[in-house]
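Peer 1: Following the hints, put chain B in place on chain A, whose structure we already have.
Given next are the chains, with one letter for each unit.
Number of protein chains: 2
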Amino acid sequence: MPIDQSNMLGVLDDFPKQCKDALSLPKGITVKGEVTSIVVCGMGGSAIGGDLLKLYLSSSKIPVFVSRDYKVPEFVDEYTLVFTVSYSGNTEETLSSFHDAKKKNAKIIALTTGGELSKLAGKIIKVPAGLQPRAAIGYLFFPMVGVLYNSNMVDIKNDDLNEMLTLLNDKENLKTQAQELAKKIQGKTPIIYSSELLKPVAYRWQTQINENAKYPAFHSAFPEMNHNEINSVSAMDRNRFTAILLKDPNDHPRIKKRMEICKQVMERKIDVNEVEVKGSSLLARMFSTIYLGDYTSYYLAMRERVDPTPVQVIEWLKKQL
Amino acid sequence: MPIDQSNMLGVLDDFPKQCKDALSLPKGITVKGEVTSIVVCGMGGSAIGGDLLKLYLSSSKIPVFVSRDYKVPEFVDEYTLVFTVSYSGNTEETLSSFHDAKKKNAKIIALTTGGELSKLAGKIIKVPAGLQPRAAIGYLFFPMVGVLYNSNMVDIKNDDLNEMLTLLNDKENLKTQAQELAKKIQGKTPIIYSSELLKPVAYRWQTQINENAKYPAFHSAFPEMNHNEINSVSAMDRNRFTAILLKDPNDHPRIKKRMEICKQVMERKIDVNEVEVKGSSLLARMFSTIYLGDYTSYYLAMRERVDPTPVQVIEWLKKQL
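Same order as they appear, the protein sequences are chains A and B.
For the first sequence, counting from 1, position 26 maps to 26 in this note's numbering; every step adds exactly one.
For the second sequence, counting from 1, position 231 maps to 231 in this note's numbering; every step adds exactly one.
There could be a bad hint or two in this list.
Copies of one chain are not kept apart here, so a pair can be met inside one copy or by any two copies together.
[As the list claims (entries may be wrong)] Below 25 Å or equal to it, Euclidean Cα-Cα: the simulated DMTMM-like pairs (lysine to aspartate or glutamate) are:
#, residue 1, residue 2
1, 188, 267
2, 61, 159
3, 171, 307
4, 319, 116
5, 184, 170
6, 54, 77
7, 257, 315
8, 247, 172
9, 318, 260
10, 319, 260
11, 247, 74
12, 247, 315
13, 278, 21
14, 32, 77
15, 188, 304
16, 263, 315
17, 278, 170
18, 278, 180
19, 27, 51
20, 188, 271
21, 104, 34
22, 61, 78
23, 61, 77
24, 71, 92
25, 319, 196
26, 104, 196
27, 256, 315
28, 247, 92
29, 102, 74
Note that these hints are calculated values from the structure, not bench results.
So here's chain A without its partners, still in its complex pose (with noise of 0.2 Å):
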């Protein structure tokens, strides 16, 4: 019997087609009227296309929230534009989400395979069905900025577009890399830490090692550890934890210099396995590294034995909820 029993690798191996077919999803569907903010709802998978956008929006005058929660920000009003993400469209907290939203008049457009949330909202983008959310993130980010796009809010650069499909499309290389990785990181606790503005690329090392690997992992982020998480250093042991440090060539260069010193302190105490981002534009650095972050959390699974799709824990909660 294979461990990978519903084939998460190949699933993975899908994601560069996943992400090309994701743009031409919300086809026609924009918003109307003025839009002074973004909230996106969700939950674990479905929230971290959220995190992204914000991250993708970083340099545009629109501030994006995201709201893990049963309802959305107090401020929310008929400005304001809000994604409902779900990708089963019956998570519970974002159903909560939706009808809190509507009864504040927000311009809401609802991204789900189908369930409750397709019934009830107006504006729909369905998302292919049959994955696992963590595993539909391109599913789950490309048509937020499909409708931006749609409604001359943002560009999207086909240059940028390329650049990532051809790092994508490079799987030999990030599987080996992933495969090392995955090898270091066996039998301890990795910390992955980032930029502050790739904090959600380094939140989803974590998820995916959590979901995938079931396996414990934090994460965190440059400049604020410096301010804090550092003095900890001194009490950890290299059998316990480990650092996968994620360096963006954009990074300021003092988050670079930061980040120099910071691995001389740690590499005292633990092994600091550094993994150069790579790619110029913001679309191919944030999606090939969340790739290798994928496939990293793949090979641990098959290292620790553990088949990479079901979450039982997770299944198991929703029933006694």
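Peer 2: Using the frame of chain A, we list chain B on its own:
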């Protein structure tokens, strides 16, 4: 030679008075003109005040962002109130953000003891010097609320303040509870869980343990952790990790139920230490729980035989930069 050479315990014991005094610091300081959003720039101990402001204003219509980076978000403009918070006044990230906010014509108010920031900023709230920034959380939070109160942007109820001070002054009970918690944490890595609303409080527990006890700790929130992290518990063991569950009577009923069920899941693998959040007003709940975490980190430092006050790694790092 005592371990607590700089008397962190005395500083902690004075915390209720600090909170009381802090509200009157921005006497006469107001914001003029329309404010559509608030951004708090700061790092470490100076940034947590921003997280707490966001939490405190969670039921108001005004969006609050906390920025822990070298620049402010792109949307900042003349309608944004930017608090630049740096206890020393020399935090390089905050100074850099100050210049960025100025370029964007934001309404800036600085909170600082002095330093470079006090020379640059037009509107300054001077806070008493001589503390570790993390021990000055009262001085770094309440003056922002005071400015908003002076500007008729927020109401502060005397009853809430009094409830908070009553709980903070119940020090003997807090200390007993903190000593017990410190004992249960020692030798393990604590993960502090709260509702999404109280996440800044859980983060404060983490960073106080990191800085005062020089000890690893992590934090996370419900319901989000139900969608990913809970899967990693199966690979944890009670000799390595321990959970601290901050249970707020005001939590959403579904969050309460989620915590109850997750406790059962976690207890198979790790100990779960439940902390009942006290108080009915948000202010009382926030600060009484923070205070318990502060004392816990102090007693953990005593058990670990490290002086809670100096943070040598941070100081060394600043010199290397």
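Peer 1: If a hint holds in the structure, say so; if it doesn't, say that too.
Peer 2: Results of checking the hints against the structure:
For the identical chains of this complex, residue 188 and residue 267 are neighbours both inside a copy (15 Å) and across copies (21 Å), given an alpha-carbon limit of 25 Å. In this assembly of identical chains, residue 61 and residue 159 lie within 25 Å of each other by CA distance solely inside one copy; the values are 22 Å within and 40 Å between copies. In this assembly of identical chains, residue 171 and residue 307 lie within 25 Å of each other by CA distance solely inside one copy; the values are 21 Å within and 49 Å between copies. With identical chains, the CA atoms of residue 319 and residue 116 are at most 25 Å apart within one copy only, with a shortest distance of 17 Å there and 57 Å across copies.
Taking the closest pair of Cα atoms, residue 184 and residue 170 come within 25 Å of each other only inside a single copy of the chain (22 Å); across copies the shortest separation is 48 Å, beyond that limit. Taking the shortest Cα distances, residue 54 and residue 77 sit within 25 Å of each other both inside one copy (19 Å) and across copies (18 Å). In the homo-oligomer, the alpha carbons of residue 257 and residue 315 lie at most 25 Å apart only across protomers (15 Å), although the nearest pairing inside one protomer, at 44 Å, exceeds that limit. In this homomeric assembly, residue 247 and residue 172 come within 25 Å of each other (Cα to Cα) only inside a single copy, at 21 Å, whereas the closest approach across copies is 47 Å.
For a Cα distance limit of 25 Å, the shortest separation of residue 318 from residue 260 across copies, 13 Å, qualifies, whereas the shortest one inside one copy, 43 Å, does not. Taking the shortest Cα distances, residue 319 and residue 260 sit within 25 Å of each other only across copies (14 Å), while inside one copy they are farther apart (47 Å). Taking the shortest alpha-carbon separations for residue 247 and residue 74, only the inter-copy value of 23 Å comes in at or below 25 Å, while the best intra-copy value is 36 Å. Proximity of residue 247 and residue 315 under a CA criterion of 25 Å is satisfied inter-copy only: 23 Å between copies versus 35 Å inside one chain copy.
In the homo-oligomer, the alpha carbons of residue 278 and residue 21 lie at most 25 Å apart inside one protomer (22 Å), although the nearest pairing across protomers, at 51 Å, exceeds that limit. Taking CA atoms no more than 25 Å apart as the test, residue 32 paired with residue 77 passes in both settings, with 14 Å inside one copy and 24 Å between copies. Taking the shortest alpha-carbon separations for residue 188 and residue 304, both the intra-copy value of 12 Å and the inter-copy value of 23 Å come in at or below 25 Å. In this homomeric assembly, residue 263 and residue 315 come within 25 Å of each other (Cα to Cα) only across copies, at 16 Å, whereas the closest approach inside a single copy is 39 Å.
In this assembly of identical chains, the alpha carbons of residue 278 and residue 170 lie at most 25 Å apart only when taken from the same copy (11 Å versus 54 Å across copies). In this assembly of identical chains, the alpha carbons of residue 278 and residue 180 lie at most 25 Å apart only when taken from the same copy (17 Å versus 48 Å across copies). For a Cα distance limit of 25 Å, the shortest separation of residue 27 from residue 51 inside one copy, 23 Å, qualifies, whereas the shortest one across copies, 38 Å, does not. Taking the shortest Cα distances, residue 188 and residue 271 sit within 25 Å of each other both inside one copy (10 Å) and across copies (20 Å).
Taking the shortest Cα distances, residue 104 and residue 34 sit within 25 Å of each other both inside one copy (16 Å) and across copies (22 Å). In this assembly of identical chains, the alpha carbons of residue 61 and residue 78 lie at most 25 Å apart whether taken from the same copy (18 Å) or from different copies (13 Å). When the C-alpha separation of residue 61 and residue 77 is checked against a cutoff of 25 Å, the pair qualifies both within a copy, at 18 Å, and between copies, at 9 Å. When the C-alpha separation of residue 71 and residue 92 is checked against a cutoff of 25 Å, the pair qualifies only within one copy, where the shortest distance is 11 Å, while the shortest distance between copies is 36 Å.
Proximity of residue 319 and residue 196 under a CA criterion of 25 Å is satisfied inter-copy only: 22 Å between copies versus 36 Å inside one chain copy. Taking identical chains as interchangeable, the C-alpha atoms of residue 104 and residue 196 lie at most 25 Å apart only when they sit on different chains, with a minimum of 21 Å there against 31 Å within one chain. For a Cα distance limit of 25 Å, the shortest separation of residue 256 from residue 315 across copies, 18 Å, qualifies, whereas the shortest one inside one copy, 41 Å, does not. Taking CA atoms no more than 25 Å apart as the test, residue 247 paired with residue 92 passes between copies only; the shortest distance there is 21 Å, against 37 Å inside one copy.
Within a single copy, residue 102 and residue 74 get their C-alpha atoms as close as 13 Å, which meets the 25 Å cut-off; across copies the closest is 28 Å, which misses it.
This entry satisfies every hint, going by the numbered hints stated previously.
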